[in-house]
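Enquirer: Protein chains in written order, with my numbering: chain A, 1 to 300; chain B, 1 to 300; chain C, 1 to 300; chain D, 1 to 300; chain E, 1 to 300; chain F, 1 to 300.
It should be emphasised that the hints constitute simulated quantities derived from the structure, not laboratory data. The structure displayed is predicted, hence computed values, not measured ones. There's no promise every hint is true.
Identical copies carry no separate label here, and so any pair may be met within one copy or between two of them.
Said to hold, decoys possible - Simulated crosslink set (SDA-like; lysine to any residue; CA at most 20 Å straight-line):
hint, residue 1, residue 2
1, Lys247, Met185
2, Lys225, Asn244
3, Lys275, Ile295
4, Lys275, Gly94
5, Lys40, Glu78
6, Lys225, Phe27
7, Lys20, Arg129
8, Lys247, Pro108
9, Lys235, Ser122
10, Lys275, Leu95
11, Lys40, Glu189
12, Lys235, Ala250
13, Lys275, Arg119
14, Lys20, Pro108
15, Lys247, Thr146
16, Lys20, Ser293
17, Lys123, Thr133
18, Lys247, Arg270
19, Lys275, Arg129
6 protein chains.
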Amino acid sequence: MSLSDYTHTLTQAVSELSDKHSYEGLFHQYKDGDPLPSGKSLRRIVELSREILFPGYFGNSTVHRRTINYHIGVNVEELFSLLTEQIQAGLCFGLENTPSDNVIKKIPDRDTAASIAARFISKLPEIRRILATDVEAAYYGDPAATCFGEIICCYPIIRAITNYRIAHELYMLNVPLIPRIITEMAHSETGIDIHPGAQIGHHFTIDHGTGVVIGATCIIGNNVKLYQGVTLGAKSFPLDENGNPIKGIARHPILEDDVIVYSNATILGRITIGKGATIGGNIWVTESVPAGSRIVQRRE
Amino acid sequence: MSLSDYTHTLTQAVSELSDKHSYEGLFHQYKDGDPLPSGKSLRRIVELSREILFPGYFGNSTVHRRTINYHIGVNVEELFSLLTEQIQAGLCFGLENTPSDNVIKKIPDRDTAASIAARFISKLPEIRRILATDVEAAYYGDPAATCFGEIICCYPIIRAITNYRIAHELYMLNVPLIPRIITEMAHSETGIDIHPGAQIGHHFTIDHGTGVVIGATCIIGNNVKLYQGVTLGAKSFPLDENGNPIKGIARHPILEDDVIVYSNATILGRITIGKGATIGGNIWVTESVPAGSRIVQRRE
Amino acid sequence: MSLSDYTHTLTQAVSELSDKHSYEGLFHQYKDGDPLPSGKSLRRIVELSREILFPGYFGNSTVHRRTINYHIGVNVEELFSLLTEQIQAGLCFGLENTPSDNVIKKIPDRDTAASIAARFISKLPEIRRILATDVEAAYYGDPAATCFGEIICCYPIIRAITNYRIAHELYMLNVPLIPRIITEMAHSETGIDIHPGAQIGHHFTIDHGTGVVIGATCIIGNNVKLYQGVTLGAKSFPLDENGNPIKGIARHPILEDDVIVYSNATILGRITIGKGATIGGNIWVTESVPAGSRIVQRRE
Amino acid sequence: MSLSDYTHTLTQAVSELSDKHSYEGLFHQYKDGDPLPSGKSLRRIVELSREILFPGYFGNSTVHRRTINYHIGVNVEELFSLLTEQIQAGLCFGLENTPSDNVIKKIPDRDTAASIAARFISKLPEIRRILATDVEAAYYGDPAATCFGEIICCYPIIRAITNYRIAHELYMLNVPLIPRIITEMAHSETGIDIHPGAQIGHHFTIDHGTGVVIGATCIIGNNVKLYQGVTLGAKSFPLDENGNPIKGIARHPILEDDVIVYSNATILGRITIGKGATIGGNIWVTESVPAGSRIVQRRE
Amino acid sequence: MSLSDYTHTLTQAVSELSDKHSYEGLFHQYKDGDPLPSGKSLRRIVELSREILFPGYFGNSTVHRRTINYHIGVNVEELFSLLTEQIQAGLCFGLENTPSDNVIKKIPDRDTAASIAARFISKLPEIRRILATDVEAAYYGDPAATCFGEIICCYPIIRAITNYRIAHELYMLNVPLIPRIITEMAHSETGIDIHPGAQIGHHFTIDHGTGVVIGATCIIGNNVKLYQGVTLGAKSFPLDENGNPIKGIARHPILEDDVIVYSNATILGRITIGKGATIGGNIWVTESVPAGSRIVQRRE
Amino acid sequence: MSLSDYTHTLTQAVSELSDKHSYEGLFHQYKDGDPLPSGKSLRRIVELSREILFPGYFGNSTVHRRTINYHIGVNVEELFSLLTEQIQAGLCFGLENTPSDNVIKKIPDRDTAASIAARFISKLPEIRRILATDVEAAYYGDPAATCFGEIICCYPIIRAITNYRIAHELYMLNVPLIPRIITEMAHSETGIDIHPGAQIGHHFTIDHGTGVVIGATCIIGNNVKLYQGVTLGAKSFPLDENGNPIKGIARHPILEDDVIVYSNATILGRITIGKGATIGGNIWVTESVPAGSRIVQRRE
């Protein structure tokens, strides 16, 4: 049988797959001239941010002390341009997915996006300052670490926390979609899943990291350390009259300063882990824990 | 000492590494004219499938409603061509790795492969229909989700379940090797490890996902939800007379409709979790659970 | 407002980010003519090693039995060249990050690096021999596996253990930084985090693998099998007079021959799991376990 | 001397090269949000046009008769999108380079560009019809040609005339800059330099082609054949009061139908080569030639 | 006006361009499973041949004397594989373009192609021997040349003559289409147009080269040197009863040993330029020239 | 016959091609750690130079007036780094190809190369100044040109003269090999062959350009204009006692200021074309021409 005998099968499949009922809700229609959220551009945005924040460690550039400002300058300009486009794309995307269809919607313009991008860039020095404390925390928390450079080059927490801190800033500027894509990139790269809405203090670190989940309404103080497999999740969520989860309710834990949570512990619900508390590995916690306490696994 | 002094060391290593005893069992010999299983082609196959199933969300194309059939048409044709080649490669690979060497083997031809590829493509509309229910399940199950588009773009479950549903279809068509490679791609990308042999109903979702394992003989009903770190594994497996595990025995759990399994729970063996049951986080389950029951962690 | 109005904001950010106080400790200054540790080169080094160790399975080459030595030859030569450069980069990096600044440091030259690279390459036949036992262990340990080829192509443990065995060899040759980068590549790809300093015997395997952590001072015997989510970690680490962890102390478990550790078990501290012992899933172990014993989860 | 001693030299050069007097007239300033004429996009536009006009011969696509419309559809859509952007870029570029600075200029918008792009695309069927006659002319004019396919694949005239016919259409639609870039691409590829402003009839061919020059105001009839090295140029051009050449005057030859011009002949000025005339190789012609005449080289 | 208003125009163009009458003769229909002549593969074939013939000068490889055989081995194997595929594609292409449609045609199989590819590869040592004489001729003929290496790296004649000698060998093996594509690649790269059917002796060189044309039935002896712009062409060609040129007639010049032809000279027709003759620049020659004579331009 | 039957043929060819007598003089042996002249790096060097000299016209960068110094800074730094490496490669190459083998040769070090690269970069502002005059000359000499930007974007002379002016500067700094490779890149791109040793004044232009040849010892004044196909060549060259051409003798024409040479004219030998002279098309000139004279083609 000749291969061309499959033409009918293929044509039939194309026809079914092109039927509008078939792709309802699964199709993102392009509007001419509007920018599209682009995985490729967002990956470049993350690369550029890492190159700017940790010059010489990320990117291919061979940066000297005396010429560092040329590199930062070129990278900031490219970042501004890509971010403006992607933020505009995110705003368009957010708009079309807002359920209230009978409200007259104003198409987000390039200038609005540029203004947000500029505000984001003005926060980069502050982001670098806090990331420096995260590098310190990772270094002083791991006896196997030999120098700051090794931490920045190799440790997955640096990639995860950098993406989170970038994404959180965009989230605070009300950019839709983009922040979550950026933290999911780090999730795929490191196994660490931090929601961009979470609030995290300085000197934060996670050792090993695979399997960590930090929910959207978490509040984490300073000097907090987590190990692999820790979940800071929601215990349950109230349903609305249609049986769907109500959005926007504070439902994840608060960890005060100096808390340590060991591997595979699970902390659920809007509870508070008090300042300086230690939560042992594999522990399941659903009620608040006083400051300074030490919750450990019973012996098997 | 000149660098060329290392020539002897290198030449010696090349010679040892080229010795046929050295690479026994670790070498895949190429036969002229036979297609090779190719990671690159399989990655493209996954991309194309995602582009066809969720038009406008994956791929770079700027798809309009009126021209969508051109895009689907070109993508389906490329998919058919690559799949035919890779299925033939998989069949060749499967053949040469079948232990019974004294049976006369028929070399799989291109036409057999094309016929399988065409059958797979004719299933794509059905695959899209069930994936639409998975998107719904993810959306209604997460208070942090803002729209279907965000789910499709960002949520790791969509990548994992799409690869699984593709791979499962190929598995049911008796294609060797390829299905497992496709699910392992999603495993690497998302930390979710679903064996292509598992059976999974509609409206399936996994939240966060890292560390989830779903074994080859699992049967999962409709409206099932898992959280990160859940294992649906084998408890133990009977050995044959040589002390090796016997292949092909049903050894993983059955989850009936509407089951929820919370994070890091472990369910092992050919047991049944009854309709509507809830398994709490960090729970270890090795015996069947009646419908509607609620198994939770004792308080620490 | 014209976009160029953002020029001031951008220029201000560039200026702050180029301030030397801002990037202190986060900047890797390039020295002309010195090679740089390069993620791209190291990824190629891993690819080349995989191509050499498992000819025909990794890489694009269409290798025949009679021409295999040409392929091994070309790959070994490229590997030697890239490794020499990267090892020199690693030595330079290690040097500049050594804290004792008042010691006169000898710049590592290319010849030192080449000598280490040559010694590494002379170990490749031995690395292949032990990897062959790991392939066997994975095959005989999984009823779902159909042939050795499937193991090599698909199973994440092969990627993780190959990177570890390469990295460990470089670690034993006192190459700084590079070994950790190589194991973190596998960590990102597979979710399996093995420190290059760990010692691991032959016939080692890990099933599924996501979330496994094996610490720097672990000692693992022969025929050991782990499942996903297993942690072999440190219980605590003594602090020095400044309150920082003391580096270099043996603090991770010893697993003797024939040990099996099931999913999500956590074994902490310098304890010994005796020959042939079995540790059940989700178990928390902080004290030594005698040979042949079987530690299991109590029933919930 | 350390390499960093060159810092002063480099910094000095950067400073001089960034001085605005230094780059006056050699700098193309970017305006945010405006598209830029892009060599990469224009190369893709040429590729797409060739793929659409000669399906299956250019591009990588494996086109079948029954699925050809999918391929044409996707290519036309991408062409429309790229052309719209590049035409807008060309219009912006043309505007800013118009000397009359005191006229109020209307910024060309995307819709104007799209309208031109659509008109261009509606001409593609006609362009294909005339290119079919050019293929015929090349085939019947060369005893070494074996089939139409060889002409389309290999003969430089096909690349040159295709680019010219595309560029001429854009030129007639008053698109600035872009037409010339497109013909210069063919000039670089083939050594054939046809100005997009020239008018050329059907069944046109050039054998070998290197060194051919066809000026902006040439008018060439049907069934004309040129050989390599032929110049159809301007004899001289009147100067304006400032001694600069006056733009826009008809100054290149008219070749009527059925003319043949042999290799390295030079025809200069607004003269007419009459229908069916033959101009011999290496001939220098600056006055009109009657129809049917035969101008040949005197014997040496 | 919204951009989507152009949909009708685009759809109309797609429909016309997909009409089978529109693309008659301009369309290359793909048959499933048949290899396609591929510009990309042929460029790689040329690169590989250059790498094999001039090791260390072309390609990226860092070739040593002791490991050169690994490099040659890998390159020859890749060349054999690509050539086999492309020759088969060429044979299929040639077959379908043979006019006599009523003859039963045998589909060329992979084995026929492989046999031709192997014969070609067995000629490579001889091709290298004659190319070595061409390098010598270029070196001794140019006072500006400083060493053999400069000739091989920079001089366009080396690229042109290498492609010609490869293509001529394939032409002698009756491979359709491919030889011409290979010489046209060099034509585009260097401006030198040598038909693969021409016969050229050893120690051949061309200085500068742009604009040189060497026709299909030329016969060129040993130690011949040409300059830029030289044409060795056909004077005229007899027509058949339909007025089309008769194919396959010897119609280009014979240049005996030791002939020199200066720049822009034109030699036309089946004439003989005798041994040791010199043809001056810009000369037009249409009759045979005796051995040893010197034809020069009259003084202006 | 199985394809593997060709193994013998291939192995035989590899063996012959790896024989050291076979590749004598055609092989460039790599020395570990020495940089290699690299076509890829040199193409990047040309790109970078064009980006620096004509900011915003070449390269992808979206350069603004206020941030131009960042772009120039980054490009100059990369140019310095690549040039240093390639100049060192050129010096090594030059050394090994110097015939006098009994002289003790000093291996060129990186610092020597860096010093030359820095001197080259300090000349870039001067190179830009003279290129600005070349742009002017092209613009005022062509009635079809619409603005400076069109000249810079499209006109082949700009690419040819830029490469020449860069290459000439390196030639004056005694860098071997590299200058010629750079001018040959422009030769391939434009058909214009200018030897890097030629001396060319300001306001130089060539119209169309294909086929122009400018020899190594040419001296060209200011305001000179050439047309396509012009040769400024050597008439003959004296041979040494071995019958080889003597290197380094002035043998190409001198063109004084304000000379115009029309298409396909050939000027040979160390003659002088006086100030303001005009040489007509297709003219053959081998004796000096007085200032202000007008040499034209006799009427045919």
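Enquirer: With reference to the structure, classify each hint as holding or not holding.
Expert: Hint check:
no.	hint	in the structure
1	Lys247 to Met185	neither (24 Å within a copy, 32 Å between copies)
2	Lys225 to Asn244	between (34 Å within a copy, 15 Å between copies)
3	Lys275 to Ile295	within (13 Å within a copy, 32 Å between copies)
4	Lys275 to Gly94	neither (38 Å within a copy, 37 Å between copies)
5	Lys40 to Glu78	both (14 Å within a copy, 18 Å between copies)
6	Lys225 to Phe27	neither (41 Å within a copy, 24 Å between copies)
7	Lys20 to Arg129	between (50 Å within a copy, 12 Å between copies)
8	Lys247 to Pro108	neither (24 Å within a copy, 45 Å between copies)
9	Lys235 to Ser122	neither (37 Å within a copy, 42 Å between copies)
10	Lys275 to Leu95	neither (41 Å within a copy, 39 Å between copies)
11	Lys40 to Glu189	both (15 Å within a copy, 16 Å between copies)
12	Lys235 to Ala250	within (11 Å within a copy, 34 Å between copies)
13	Lys275 to Arg119	neither (33 Å within a copy, 51 Å between copies)
14	Lys20 to Pro108	neither (27 Å within a copy, 36 Å between copies)
15	Lys247 to Thr146	between (44 Å within a copy, 9 Å between copies)
16	Lys20 to Ser293	neither (59 Å within a copy, 42 Å between copies)
17	Lys123 to Thr133	within (16 Å within a copy, 41 Å between copies)
18	Lys247 to Arg270	within (15 Å within a copy, 38 Å between copies)
19	Lys275 to Arg129	neither (23 Å within a copy, 49 Å between copies)
Hints 1, 4, 6, 8, 9, 10, 13, 14, 16 and 19 from the earlier list are contradicted by this structure; the remaining hints agree with it.
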